[in-house]
Amino acid sequence: MLVSIYRYNPEVDDAPYMKDYQIDLPAGKDLMVLDVLQLLKEQDSSISYRRSCREGVCGSDGMNMNGKNGLACITPVSAAAKDDKLILRPLPGLPVVRDLVVDMGQFYKQYEKIRPYLINESPAPAIERLQSPEEREKLDGLYECILCACCSTACPSFWWNPDKFVGPSGLLQAYRFLIDSRDTATQERLSDLDDPFSVFRCHGIMNCVNVCPKGLNPTKAIGNIRTMLLQRAT
Amino acid sequence: MVTQITSFGRSGLYDWMMQRISALVLSLYTLFILGYLVFNPDLTYDQWSGLFETTWVRIFSLLTLLSIGVHSWIGLWSVSTDYIKATGVRFFFQSVCGLVMFVYVAWGIQVLWGL
Numbered sequence: 001m002l003v004s005i006y007r008y009n010p011e012v013d014d015a016p017y018m019k020d021y022q023i024d025l026p027a028g029k030d031l032m033v034l035d036v037l038q039l040l041k042e043q044d045s046s047i048s049y050r051r052s053c054r055e056g057v058c059g060s061d062g063m064n065m066n067g068k069n070g071l072a073c074i075t076p077v078s079a080a081a082k083d084d085k086l087i088l089r090p091l092p093g094l095p096v097v098r099d100l101v102v103d104m105g106q107f108y109k110q111y112e113k114i115r116p117y118l119i120n121e122s123p124a125p126a127i128e129r130l131q132s133p134e135e136r137e138k139l140d141g142l143y144e145c146i147l148c149a150c151c152s153t154a155c156p157s158f159w160w161n162p163d164k165f166v167g168p169s170g171l172l173q174a175y176r177f178l179i180d181s182r183d184t185a186t187q188e189r190l191s192d193l194d195d196p197f198s199v200f201r202c203h204g205i206m207n208c209v210n211v212c213p214k215g216l217n218p219t220k221a222i223g224n225i226r227t228m229l230l231q232r233a234t
Numbered sequence: 001m002v003t004q005i006t007s008f009g010r011s012g013l014y015d016w017m018m019q020r021i022s023a024l025v026l027s028l029y030t031l032f033i034l035g036y037l038v039f040n041p042d043l044t045y046d047q048w049s050g051l052f053e054t055t056w057v058r059i060f061s062l063l064t065l066l067s068i069g070v071h072s073w074i075g076l077w078s079v080s081t082d083y084i085k086a087t088g089v090r091f092f093f094q095s096v097c098g099l100v101m102f103v104y105v106a107w108g109i110q111v112l113w114g115l
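Top to bottom, those sequences are chains V and S.
Take 1 as the starting number for the first sequence in full-length UniProt numbering and just add one per residue.
Take 1 as the starting number for the second sequence in full-length UniProt numbering and just add one per residue.
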């Protein structure tokens, strides 16, 4: 199989380039893209990428495979490759540190902005803040986000305004805390989002939903935030 | 919160709502004009100018005209903040858009009430 990899080492290279590798994959086995990268490491040890859990939990190995963002560790080669060719690039829109490693600083900055922690000014009870099963259910489809950045880096609005638009991942998390029955900062959180960029730069093209490796739906969460803002203001 | 002074209503929610309301008005007006043309295949000049002499059609047309202004301002403002990164160029583009929309609205009023 032909594997084409985006290579860039800012200390040595003037510009990024695509490098092709030939690799024989074991017959009768559908490897994951990450496994292919591990095998290629034997051919060329200078290929750089992030990985940790290798089972779709940590979100380290988000990358662009044949034009679609995803986690290399849980994407089978058969699903990613087209015409027996696998093209691997870093996540689009973020600065490249080296090869497939991107600088996630801007992404985390947006995550930080939505204050991703429970805010509750009332005195903490002796054991825990209780939630009914119905209240807990509202967090399903939100809390599972692993911050791999596949969605935000697939979003043109995030590409053009990464400093102002929170992005699908951050907004999914924002809604996770807006809808949490134990959080008391709902109004402040909503006020922080009521500008033309933070939420409203989303045009609902759903690239985020299309790429999310955990099958989450940021567009729906963004729609719910809009509804909350509208209900508050009318 | 991101601040800005050139957006239509300075609030994301307000712009978003106005974009949708103006879109609704534009769709209704399009359906109305298309419907009128379909149901009056042998349209004469007198009939056409008579239509625009009625007060409610003039009000509906003015509402549509204002909706075009609002809708295009919000849309083009979004486009300019997406793609034009140099502040000077972006502000110039937004100014030209604002001027053109104002001209269209003023001119449209003259056309509607000048028949």
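Note that these hints are calculated values from the structure, not bench results.
Note that the structure is a prediction, hence the values are computed from the model and not measured.
Some hints could be false.
[Said to hold, decoys possible] Derived DEER-like restraints, expressed as beta-carbon distance ranges:
#1 S:I109 with V:T184: 47 to 55 angstroms
#2 V:Y108 with S:R20: 31 to 39 angstroms
#3 V:E144 with S:P41: 25 to 33 angstroms
#4 S:T6 with V:C58: 35 to 43 angstroms
#5 V:K85 with S:A106: 56 to 64 angstroms
#6 S:F91 with V:E137: 30 to 38 angstroms
[To be verified] Okay, the calculated bits of chain V under chain S, using three or more residues with CB under 8 angstroms as the criterion:
#7 189-197
#8 226-234
Built from N, CA and C at the ideal position, the CB exists for glycine as well.
Here is how each hint holds up against the structure:
| no. | hint | verdict |
| --- | --- | --- |
| 1 | S:I109 with V:T184: 47 to 55 angstroms | holds (50 angstroms) |
| 2 | V:Y108 with S:R20: 31 to 39 angstroms | holds (33 angstroms) |
| 3 | V:E144 with S:P41: 25 to 33 angstroms | violated (58 angstroms) |
| 4 | S:T6 with V:C58: 35 to 43 angstroms | holds (42 angstroms) |
| 5 | V:K85 with S:A106: 56 to 64 angstroms | holds (58 angstroms) |
| 6 | S:F91 with V:E137: 30 to 38 angstroms | violated (48 angstroms) |
| 7 | 189-197 | holds (count 7) |
| 8 | 226-234 | holds (count 4) |
When each numbered hint is compared with the structure, violations occur for hints 3 and 6.
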